[in-house]
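There are 2 protein chains.
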Amino acid sequence: MSHQGRLQSSSSPQTGASRRVLIVGGVAGGASCAARLRRLDESVEIIMFDRGPYVSFANCGLPYYVGNVISDERSLLVASREMFRGRFNIAVQTETEVTSIDRGARTIIARDLRTGNTRTETYDVLVLSPGAAPIRPPLPGVDLPGVFAVRNIPDSRRIRSWIADRSARTAVVVGGGFIGLEMVENLIHRALSVAVLEKLPQVMPPLDPEIAVAVMEHLAAKGVQLHLGDGLARIDQRDGGGLVVVAESGARLPADLVILAIGVRPETTLAKDSGLQIGPRGGIVVDSQMRTSDPNVWAVGDVVEVQDVLTGQETVLPLAGPANRQGRIAAESIAGRATNFRGVQATAVVGVLGLTVASTGASEKGLRRAGVTSFQKVYLHPGHHAGYYPGARPIHLKLLFSVPDGRVLGAQAVGLEGVEKRIDVIATAIQFNGTVHDLAEVELCYAPQFGAAKDPVNLAGMLAENVLNGDMPVADWLELDRTDAFLLDVREPDEFANGHIPNAINLPLSQMRARYDELPKDREIWICCEVGQRAYYATRFLTQRGYRSRNLSGGYTTYKALKAASLVR
Amino acid sequence: MSHQGRLQSSSSPQTGASRRVLIVGGVAGGASCAARLRRLDESVEIIMFDRGPYVSFANCGLPYYVGNVISDERSLLVASREMFRGRFNIAVQTETEVTSIDRGARTIIARDLRTGNTRTETYDVLVLSPGAAPIRPPLPGVDLPGVFAVRNIPDSRRIRSWIADRSARTAVVVGGGFIGLEMVENLIHRALSVAVLEKLPQVMPPLDPEIAVAVMEHLAAKGVQLHLGDGLARIDQRDGGGLVVVAESGARLPADLVILAIGVRPETTLAKDSGLQIGPRGGIVVDSQMRTSDPNVWAVGDVVEVQDVLTGQETVLPLAGPANRQGRIAAESIAGRATNFRGVQATAVVGVLGLTVASTGASEKGLRRAGVTSFQKVYLHPGHHAGYYPGARPIHLKLLFSVPDGRVLGAQAVGLEGVEKRIDVIATAIQFNGTVHDLAEVELCYAPQFGAAKDPVNLAGMLAENVLNGDMPVADWLELDRTDAFLLDVREPDEFANGHIPNAINLPLSQMRARYDELPKDREIWICCEVGQRAYYATRFLTQRGYRSRNLSGGYTTYKALKAASLVR
Chain A
1 MSHQGRLQSS
11 SSPQTGASRR
21 VLIVGGVAGG
31 ASCAARLRRL
41 DESVEIIMFD
51 RGPYVSFANC
61 GLPYYVGNVI
71 SDERSLLVAS
81 REMFRGRFNI
91 AVQTETEVTS
101 IDRGARTIIA
111 RDLRTGNTRT
121 ETYDVLVLSP
131 GAAPIRPPLP
141 GVDLPGVFAV
151 RNIPDSRRIR
161 SWIADRSART
171 AVVVGGGFIG
181 LEMVENLIHR
191 ALSVAVLEKL
201 PQVMPPLDPE
211 IAVAVMEHLA
221 AKGVQLHLGD
231 GLARIDQRDG
241 GGLVVVAESG
251 ARLPADLVIL
261 AIGVRPETTL
271 AKDSGLQIGP
281 RGGIVVDSQM
291 RTSDPNVWAV
301 GDVVEVQDVL
311 TGQETVLPLA
321 GPANRQGRIA
331 AESIAGRATN
341 FRGVQATAVV
351 GVLGLTVAST
361 GASEKGLRRA
371 GVTSFQKVYL
381 HPGHHAGYYP
391 GARPIHLKLL
401 FSVPDGRVLG
411 AQAVGLEGVE
421 KRIDVIATAI
431 QFNGTVHDLA
441 EVELCYAPQF
451 GAAKDPVNLA
461 GMLAENVLNG
471 DMPVADWLEL
481 DRTDAFLLDV
491 REPDEFANGH
501 IPNAINLPLS
511 QMRARYDELP
521 KDREIWICCE
531 VGQRAYYATR
541 FLTQRGYRSR
551 NLSGGYTTYK
561 ALKAASLVR
Chain B
570 MSHQGRLQSS
580 SSPQTGASRR
590 VLIVGGVAGG
600 ASCAARLRRL
610 DESVEIIMFD
620 RGPYVSFANC
630 GLPYYVGNVI
640 SDERSLLVAS
650 REMFRGRFNI
660 AVQTETEVTS
670 IDRGARTIIA
680 RDLRTGNTRT
690 ETYDVLVLSP
700 GAAPIRPPLP
710 GVDLPGVFAV
720 RNIPDSRRIR
730 SWIADRSART
740 AVVVGGGFIG
750 LEMVENLIHR
760 ALSVAVLEKL
770 PQVMPPLDPE
780 IAVAVMEHLA
790 AKGVQLHLGD
800 GLARIDQRDG
810 GGLVVVAESG
820 ARLPADLVIL
830 AIGVRPETTL
840 AKDSGLQIGP
850 RGGIVVDSQM
860 RTSDPNVWAV
870 GDVVEVQDVL
880 TGQETVLPLA
890 GPANRQGRIA
900 AESIAGRATN
910 FRGVQATAVV
920 GVLGLTVAST
930 GASEKGLRRA
940 GVTSFQKVYL
950 HPGHHAGYYP
960 GARPIHLKLL
970 FSVPDGRVLG
980 AQAVGLEGVE
990 KRIDVIATAI
1000 QFNGTVHDLA
1010 EVELCYAPQF
1020 GAAKDPVNLA
1030 GMLAENVLNG
1040 DMPVADWLEL
1050 DRTDAFLLDV
1060 REPDEFANGH
1070 IPNAINLPLS
1080 QMRARYDELP
1090 KDREIWICCE
1100 VGQRAYYATR
1110 FLTQRGYRSR
1120 NLSGGYTTYK
1130 ALKAASLVR
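One line per chain: the protein sequences are A and B, in this order.
Note that this note's numbering has the first sequence beginning at 1, numbered continuously upward.
Note that this note's numbering has the second sequence beginning at 570, numbered continuously upward.
Fair warning: there could be bad hints in the mix.
[As the list claims (entries may be wrong)] If you anchor each label on the Cβ, the simulated ranges turn out as follows:
#1 A:A338 / B:D641: 58 to 64 Å
#2 A:P404 / B:S612: 23 to 29 Å
#3 A:T339 / B:D856: 39 to 45 Å
#4 A:A338 / B:Q1113: 15 to 21 Å
#5 B:T908 / A:R513: 24 to 30 Å
#6 B:R850 / A:P473: 38 to 44 Å
#7 A:G240 / B:N1067: 36 to 42 Å
#8 A:T483 / B:T908: 31 to 37 Å
#9 A:A164 / B:N1067: 38 to 44 Å
#10 B:R735 / A:G470: 57 to 63 Å
#11 B:G1068 / A:A164: 39 to 45 Å
#12 A:T483 / B:R688: 49 to 55 Å
#13 A:A338 / B:R1092: 28 to 34 Å
#14 A:G371 / B:S1079: 51 to 57 Å
[What the hints assert, rightly or not] Reference listing, derived: stretches of chain A covered by chain B, where coverage requires no fewer than 3 residues with Cβ under 8 Å from a Cβ of chain B:
#15 352-364
#16 445-451
[Stated by the list, open to error] Residues from chain A that keep clear of chain B, each with C-beta distances beyond 10 Å, as calculated:
#17 S43
#18 E95
#19 N117
#20 T122
#21 G141
#22 V147
#23 D230
#24 R234
#25 E248
#26 T373
#27 A497
#28 S510
#29 K521
#30 Q544
#31 T557
#32 L567
Because the hints were derived from the structure by calculation, they are not lab data.
Using N, Cα and C, we set each Cβ at its ideal position, and we do this for glycine too.
The following block holds chain A by itself, in its conformation from the complex:
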């Protein structure tokens, strides 16, 4: 076959024979690669190795198996060894660890974990998909019984047994990221009392802190104890059973079990030992065909470094969607097809006790870290559907965009309903290098129970357009504590009395046309309302009357979040 010939001409040691493709790691990326490669090429020999007892299991489902939301372990098995064999003619060797690679000889050593026997296997093509391992910090007690990480089915099974056998009632989750919060939800579902210990002063580290506030408040309201800005020091055994998590602050958190969800680290030992290039973020370096520094070796999934399309920087992103896509692309590349991995934009979602938190693209802190300064942001809090239809829930949305071209850089949202839909739409726009003008006019589904004539995505785009074209200059909340601007609150007096930003003066929008001449013309006026809409109207009115005014985007609702995140006083 032509594409085979093309590859063999460059590298195959077995000219004439069928090519031999070995895949190390049989979950998302590896399994996708294997199945896709078979669909493209019946002639290659494909063998997939996995250290664990299963391949192609749903690792994103593991927390829910612990929580008994998924009660049957077999549900997690997406495809069995038998299916790979029968349907795809792919050999699967489970409980087999690949311990070394000889790239010169194109061989690997595989060790059968049940027997301890090792053997050497040759390859024409090698695909590395070993994933990433949960970080276990080298601290006293992290290996005690009752301390778990969640990586595979046996891990989950052990946690289930531990909870059941000991009638566990309390848990500490170390780490407040995606997996940590999913574990919180599921442990609560198992009726445990849960505390979270997180080194950063916020949960959900990828989010900007003022957006994460809504998650923290929701967790607290659901009875989760949050210990933020405090790291793990050690884990002690408690007299009479159980554990005590000791924080760096000295705080002692008793627990019947401890979940370590601090993060993951690419499993690069094999790659490193064989001299493959490793990038600055600690992942295997690959090109846009997922090929490593060795032209006969591909790598996919959580183990690789990929480019963030927003910042242009290298990143490691342990997410199943990109892993599957990379597996597919590696297969196409191995089969000699033109293909290209376009990078990642870090679209992600987590559900936490009824709350949805989703984001795509860059965060504000990510942009600052990458040295990007030419951006702006808007906050808004629209209902997830038309307000006149009962049950609308606010979506707290932050949109970041490039100045002056308006390119969408990222969005974060949190709320009870309709959250991930808006992030998906914005994610799609980002893929096309869309601008806020595009968001303003995207034509989305509207019926009262689903959205609004001006969908939250449209509103976000319109607000950003107003910022870009100068119709609605925004003030930077982060300068609130040191500005000498005149702070104007245009809500009604009863709203103002219920709480307002320090030093603000109240002049309701409803009285603005009659009383605007009370305002100073010689100072910049920063305008606040409840969510930003009335302040926008006031900004437009005052600007046209010769006042220099700016909107405090997102209004008092955003102020409260910024204050809770200690970003303003």
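Based on the hints, put chain B in the right spot on chain A.
Chain B alone, transformed into the frame defined by chain A:
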């Protein structure tokens, strides 16, 4: 102000004075235009007229007010006359009908419907936003008491009273489109027994018939009587009270009330009488700044003809989203700003008794009507989230795309959950002239309760890519009845025994590798499974073994829908 000068130089009769903008019709498009124009220009005088008692009400909420889902009429009032006056300095004249326009003199005649008095008002700029009126066919009985259309709050109030006062128990809804089905839902919510009379052989005329089948089945399962392919002949009064809807077939449907939801027609009388250009679809012709054939007159909303971005054809599309957008654009144009309406793609959604039906872009019948032949389609039925997480519901999705460039032309979907999210993502891709390759790689939110590592949108894109690049040739279902292809069903024998396409031969995928040489090499093989996935695997396998095979996209699930829609035997 410079933009004002610019406009006045071309046309204003009141040089020096403030410009006078009259807006006829104060709901979605008109109200948006008024508010936006004020934000852009404090100097113009704005007066908005409406025939009815309210402006800026939520007409998309009217069916739900009938259904008492929205119980407080005031919820429907988005903005009051007082708010327009106080917040925006916009004068609102309700119960005032504009009866004629003198474009030469730049005057209108307005008639106060309460007093009958008329007066003349001058304008510099006129904006027409009169909307579209429900079609009342000139048939006997359509004006009988108890026969209603649903256009405004008083209409809804009358229906509510009629139901309450007469303890109505049965209703006939004439017309099975968006409004008709929303009325069905809400009448059922009021515990009425409902029949639908629809002239076409399907409900939801914008959809292709095989997608509408799922809606019809859902309605039937919920106890709605469907009389399809049968038009309205007349409505009779029943002895002893009540009505009888008589169909063209002679069928007699008794009803305590009748809802006419046959469609709407642009309200162009005023425009026609004043000589404005009307387009082939019966709407006012406007340019991309929403300006009519008279440079001093703009028109927005349901009354205008706009371009369908997929087919390039003119269309009238009575939807609130585009109406709002047009109002905004007209305001920008009136204020002298550069602006552009990009056309419509007909994104729409309706909820019907728990089912969601959504679409964007062109339908297959729309493409055929427009003379487009270079397109292809795929069907799929993925779960709305990962299958391993409990509660996944199928989404029945049809994707239409251009051949050979892969541009996305349209999509239709129906299901219980997550339907409109996928259509919103595809709608966004269409806005950017996205291709199926873009859909294959869009990076969407994934956690098990929200989606899948390969989201339904990704899957749709991948299937379409497979069609485009020849990896998965598809057979055209519509040729099933006359093909001489070998029909192969690759499901397991028990599935096959439960129902299969006529003349199909069963050879399960699980036995394919062992038995494929039983298949004919001299005939094209059309392959069917349950939803299309196993057939795809079989197509790939057989193609590589030298067989000419095609996938029957969407499998037996799609076959059943096509059969129910009488598109195949």
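Hints versus structure:
In this structure the hint that A338 of chain A and D641 of chain B lie 58 to 64 Å apart at CB holds, the actual value being about 60 Å. In this structure the hint that P404 of chain A and S612 of chain B lie 23 to 29 Å apart at CB holds, the actual value being about 27 Å. The hinted range of 39 to 45 Å is satisfied by T339 of chain A and D856 of chain B, whose Cβ atoms lie roughly 43 Å apart. In this structure the hint that A338 of chain A and Q1113 of chain B lie 15 to 21 Å apart at CB holds, the actual value being about 19 Å.
The hinted window of 24 to 30 Å between T908 of chain B and R513 of chain A holds, with their beta carbons roughly 27 Å apart. Checked against the hint of 38 to 44 Å, the pair R850 of chain B and P473 of chain A passes, with Cβ atoms roughly 42 Å apart. Between G240 of chain A and N1067 of chain B the CB atoms are about 59 Å apart, so this pair departs from the stated range of 36 to 42 Å. Between T483 of chain A and T908 of chain B the CB atoms are about 34 Å apart, so this pair conforms to the stated range of 31 to 37 Å.
The given range of 38 to 44 Å is respected by A164 of chain A and N1067 of chain B, whose C-beta atoms sit roughly 39 Å from each other. Distance hint for R735 of chain B and G470 of chain A: a CB-CB separation of about 58 Å, consistent with the stated range 57 to 63 Å. Between G1068 of chain B and A164 of chain A, the C-beta spacing of about 43 Å keeps the proposed range 39 to 45 Å intact. The hinted window of 49 to 55 Å between T483 of chain A and R688 of chain B holds, with their beta carbons roughly 51 Å apart.
With their beta carbons about 33 Å apart, A338 of chain A and R1092 of chain B fall inside the hinted range of 28 to 34 Å. Remark: the range hint 51 to 57 Å for G371 of chain A to S1079 of chain B is upheld by a beta-carbon distance near 55 Å. Proximity of the stretch 352-364 of chain A to chain B, defined as three or more residues with a beta carbon under 8 Å from a beta carbon of that chain, is established by the 3 residues found. Chain B is given as covering the stretch 445-451 of chain A, and this holds because 7 residues of the stretch bring a CB closer than 8 Å to a CB of that chain, at least three being needed.
Taking the minimum C-beta to C-beta distance to chain B, about 8 Å, the non-interface status of S43 of chain A is violated against the 10 Å cut. Even its closest Cβ contact with chain B, about 22 Å, leaves E95 of chain A beyond 10 Å, as expected for a residue assigned away from the interface. For N117 of chain A, the requirement that its beta carbon stay farther than 10 Å from each beta carbon of chain B is met, with the minimum near 29 Å. Annotated as non-interface, T122 of chain A keeps its C-beta farther than 10 Å from every C-beta of chain B; the closest such distance is 24 Å.
Here G141 of chain A stays apart from chain B, with its beta-carbon at least about 31 Å from theirs, past the 10 Å limit. Chain B leaves V147 of chain A outside its interface by the beta-carbon criterion, the shortest separation being 25 Å against a cut-off of 10 Å. No beta-carbon of chain B is positioned within 10 Å of the beta-carbon of D230 of chain A; the least distance is around 27 Å. Distance check on R234 of chain A: its Cβ is at least 32 Å (rounded) from any Cβ of chain B, clearing the 10 Å threshold; non-interface status holds.
At roughly 30 Å, the least C-beta separation between E248 of chain A and chain B is larger than 10 Å, which holds for a residue marked as non-interface. No Cβ of chain B comes within 10 Å of the Cβ of T373 of chain A; the nearest lies about 26 Å off, and the non-interface call holds. Non-interface call for A497 of chain A relative to chain B: holds, since the shortest CB-CB distance, roughly 21 Å, exceeds 10 Å. Look at S510 of chain A: its CB is around 6 Å from the nearest CB on chain B, not clear of 10 Å, so calling it non-interface is violated.
Look at K521 of chain A: its CB is around 16 Å from the nearest CB on chain B, clear of 10 Å, so calling it non-interface holds up. With 10 Å as the threshold on Cβ separation, the claim that Q544 of chain A sits away from chain B is violated: the shortest Cβ distance comes to roughly 4 Å. Distance check for T557 of chain A against chain B: the nearest CB is about 20 Å away, which clears 10 Å, and the non-interface claim stands. Distance check for L567 of chain A against chain B: the nearest CB is about 26 Å away, which clears 10 Å, and the non-interface claim stands.
Consistency with the previously given hints fails for numbers 7, 17, 28, 30, ordered from lowest to highest.
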